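Here the protein sequences line up with chains A and B, keeping their order. Converting from the first sequence to the numbering used here requires adding 10 to each position, the first position being numbered 1. Converting from the second sequence to the numbering used here requires adding 10 to each position, the first position being numbered 1.
Keep in mind that a hint or two might mislead.
Lysine-lysine pairs mimicking DSS-like chemistry, simulated, CA-CA at most 27 Å apart [unchecked claim]:
#	chain 1	residue 1	chain 2	residue 2
1	B	LYS113	B	LYS349
2	A	LYS77	B	LYS42
3	A	LYS64	B	LYS183
4	A	LYS350	A	LYS389
5	B	LYS328	B	LYS370
6	A	LYS75	B	LYS64
7	A	LYS75	B	LYS328
8	A	LYS75	B	LYS77
9	A	LYS160	B	LYS160
10	B	LYS77	A	LYS331
11	A	LYS64	B	LYS160
12	B	LYS435	B	LYS42
13	A	LYS435	A	LYS44
14	A	LYS93	B	LYS44
15	B	LYS64	A	LYS77
16	A	LYS64	B	LYS93
17	A	LYS93	B	LYS64
18	B	LYS328	B	LYS93
19	B	LYS350	B	LYS435
20	B	LYS44	B	LYS75
21	A	LYS77	B	LYS75
It should be emphasised that the hints constitute simulated quantities derived from the structure, not laboratory data. Since we're looking at a predicted model, the values are computed, not measured.
2 protein chains.
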Amino acid sequence: MRTSKYPSSSNGFSQRAQAVEPPPIAWLMEQKLKYPALISLAAGFTDPDTLPDKETMQIMHQMAKSKAVMRTTLQYGTGSGRKRLRELTGQRIAELDHTASDKPAYNSERILITHGSQQFLYLVTEALCDAGDMVMVEAPTYFVYLSILKYFGVRACSVPLKTDGIDLVAFEKKLEQLKQSGDLWRLKIIYLVTYHQNPTSQSMPLGKKQALMRLLARYERDAGHPIYVLEDAAYRELGFAQEASAPSMLSLPGALKRVIYSGTYSKPFATGIRVGFGISPAPLARALEHIKGNQDFGTAELLQAILERALESRLYAKHLKLIQARYAQKAGRMVDAMKKYFPSTVQWAAPQGGLYVWTKVPEPVDTGPRGELFETSLKQQVLYVPGCYAYAPDVMGPERNTAMRLSFGNASLHLIEEGIRRLGKSLRATLG
Amino acid sequence: MRTSKYPSSSNGFSQRAQAVEPPPIAWLMEQKLKYPALISLAAGFTDPDTLPDKETMQIMHQMAKSKAVMRTTLQYGTGSGRKRLRELTGQRIAELDHTASDKPAYNSERILITHGSQQFLYLVTEALCDAGDMVMVEAPTYFVYLSILKYFGVRACSVPLKTDGIDLVAFEKKLEQLKQSGDLWRLKIIYLVTYHQNPTSQSMPLGKKQALMRLLARYERDAGHPIYVLEDAAYRELGFAQEASAPSMLSLPGALKRVIYSGTYSKPFATGIRVGFGISPAPLARALEHIKGNQDFGTAELLQAILERALESRLYAKHLKLIQARYAQKAGRMVDAMKKYFPSTVQWAAPQGGLYVWTKVPEPVDTGPRGELFETSLKQQVLYVPGCYAYAPDVMGPERNTAMRLSFGNASLHLIEEGIRRLGKSLRATLG
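Looking at chain A on its own, in the form it has when it is part of the complex (with noise of 0.2 Å):
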């Protein structure tokens, strides 16, 4: 009789489980618990004064008028989304990529509605990779993307990240050296935040898209399999210039093979209203949504139903300027309170869109949660988030303890500046 594998205290989780972590985002809220009179700048939340909810109730309103509209708000759907949803989703995207909305790129067949972006990203990332593979990431980058990847067991590869998006000598080396190593099978995924990036608010231009689809051209051969590019638009509606954003990769040749496209509804209109959704090559589309009907049968059809009449009725366009001004104007409040109180050694760069501004403090300042800055923060009573956290654990550069990420998306107009004060006084204490 063989023995079990398992320690006699041993829960029996499977390998995934064993190593899963809360994510650092946790830790975050539960300083939030044990100081309540903290001002958080450090959480992704939206602006709750601009939250849709009169827009919210009149969408309701319309579908409540017809018991057959009804019945399939509050009935099942199909694992892939709504098919009207799903066309309008493709319009919008071809229409930001001054495109025609024909084209097979935005095909609606592509197109797969999930409970958030969030959920796009974890789908994808289990339909490409077993333990073992490698993604390349952005450094600095989304750090809760990090956390899928290493509950996956997959290894993030960095690639510094210069003023307007990666580097792409440093990319281009990475990619040979991987081929010379003979690792380049295991790269599946280039994951990039291209628009107002998280953290450092960056958008990455049309022509270093252009250089980077040929880049992977030329190496994928090499791979034996599409090096896809995981294009992560989260933040492409929130810029705060009316002007036009880039095109996104999927406007490029390759684009129906390797580029796939993830967007969401959530921030733009109501994060409680979890829509996002990706645009996908086709034979991954019909995977991750088989994956998807495992997961859930697909998206609550009464949250898909409230984004199709928004963005039927041009309510959502309007709602889209309103908070484009309303972020601009907390993004100003942030940087101009910043100039009032951080000591001048302290760097940044104004954002033009998201919800953040990336800050470089002088060294030797430490930004991480156990440093003095961090500490004395918290008794100021205000929080960010420590730039280490957006860092996979591939890279060391002493950047890494100088940045913290400052979100000016959930705090009022008020505490934004008073949030800035207290952290200026922080800085100094600890600055000397």
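Given the structure of chain A, go ahead and fit chain B onto it with the hints provided.
Frame of chain A; chain B shown alone:
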């Protein structure tokens, strides 16, 4: 340089995704598209006439009265779900179990709110099972859960179902066999649909639950970890009689260690407002919360807020009475029509709840998707779920191909009658 392990035509999918298949239900739905006049007695969709459209609007109006309420409804929440909804859920299940809600088993800290109970079943399997592990299932069982097991590479191990839950003698024999062969450590979950089971509509009596728990306590020493019981109570509240259901296994000794209770508000309220939940041993509850955090950050606040209000205002309880009566009526209509139109050799047990009549056709008629009966029925424009889908690959009884699952959930009273008439015609043609 190492050559890629992938053939040149590869998609680079993960091992799981390479094996993922469309679920049988997708194929059944395609038939519906091919034959538009088809009467579907296949899908587990709920009754469209009793969907709570007015109730949902009433709740939305209540919420819209307060800006503060709408703010929490349209914003991000926490990974485990709204605290109040978790408390109400614990209270409700304790009440159904005829016990005090302050018992640890019903504590809100052990409760996770999910996008439907399907997501909970997926998460539990992900958290407990590695590829090659085993889950015991009833034969027949809920066929979508078999898809989940297949997707995870988990071996389903069937235990025959008697008219009052699983065959305990066969169950103990399986445990003993696994112990003797040294494979007991791979057995992670006993998956049981204990109320108005899908597909048989049987419920498991309390005595059998007690005996099962005692057996598990005895055998799990050799497993080296808890052998979890996953009690799927999806149909618990859909009983026709007003009489109380048997207590769940949460009420039994050892529950804190090994009972996982899966429940849903989707079927009893609205499937378009997809809210499910699960109650788990504390360490598992934490792991599930973290995995869900990676997967989607938490269930959409809007959906949770609606259910919370429905439960608190007794709209939920009131609606439940309505649909219980409705399904009783529809089941009655189906059974009456079966008596009228089916050959006398066809057998079934009249359901006391749930959505299905499990029906057995005399041998050698094959109810399978490639059999004559299914084909003839499609030509008659009526669809059923072939019984074989409800059996795991490890069993090959003759019963496999002589059963059908007939659902009275979605079709109208008129179409139930007409569907059964057509099926009767098809049965007579096939039986000769």
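Tested hints:
1. B:LYS113 - B:LYS349: With a Cα-Cα distance of about 47 Å, the restraint between B:LYS113 and B:LYS349 is violated, given a limit of 27 Å.
2. A:LYS77 - B:LYS42: Cα-Cα ~23 Å, so holds.
3. A:LYS64 - B:LYS183: Since the Cα atoms of A:LYS64 and B:LYS183 sit roughly 61 Å apart, the hinted pair is violated (cutoff 27 Å).
4. A:LYS350 - A:LYS389: holds (21 Å)
5. B:LYS328 - B:LYS370: violated (35 Å)
6. A:LYS75 - B:LYS64: Holds: A:LYS75 and B:LYS64 sit about 11 Å apart, inside 27 Å.
7. A:LYS75 - B:LYS328: holds (23 Å)
8. A:LYS75 - B:LYS77: Holds, because 24 Å separates the two Cα atoms, which is no more than 27 Å.
9. A:LYS160 - B:LYS160: Distance ~24 Å between A:LYS160 and B:LYS160 Cα, so the pair holds.
10. B:LYS77 - A:LYS331: holds (21 Å)
11. A:LYS64 - B:LYS160: violated (45 Å)
12. B:LYS435 - B:LYS42: Holds, because 19 Å separates the two Cα atoms, which is no more than 27 Å.
13. A:LYS435 - A:LYS44: Roughly 21 Å separates the two Cα atoms, so the pair holds.
14. A:LYS93 - B:LYS44: Within the cut-off at roughly 18 Å; holds.
15. B:LYS64 - A:LYS77: holds (10 Å)
16. A:LYS64 - B:LYS93: holds (26 Å)
17. A:LYS93 - B:LYS64: holds (26 Å)
18. B:LYS328 - B:LYS93: holds (23 Å)
19. B:LYS350 - B:LYS435: holds (11 Å)
20. B:LYS44 - B:LYS75: violated (47 Å)
21. A:LYS77 - B:LYS75: holds (24 Å)
Violation of the numbered hints given earlier is confined to hints 1, 3, 5, 11 and 20; the remaining hints are satisfied by the structure.
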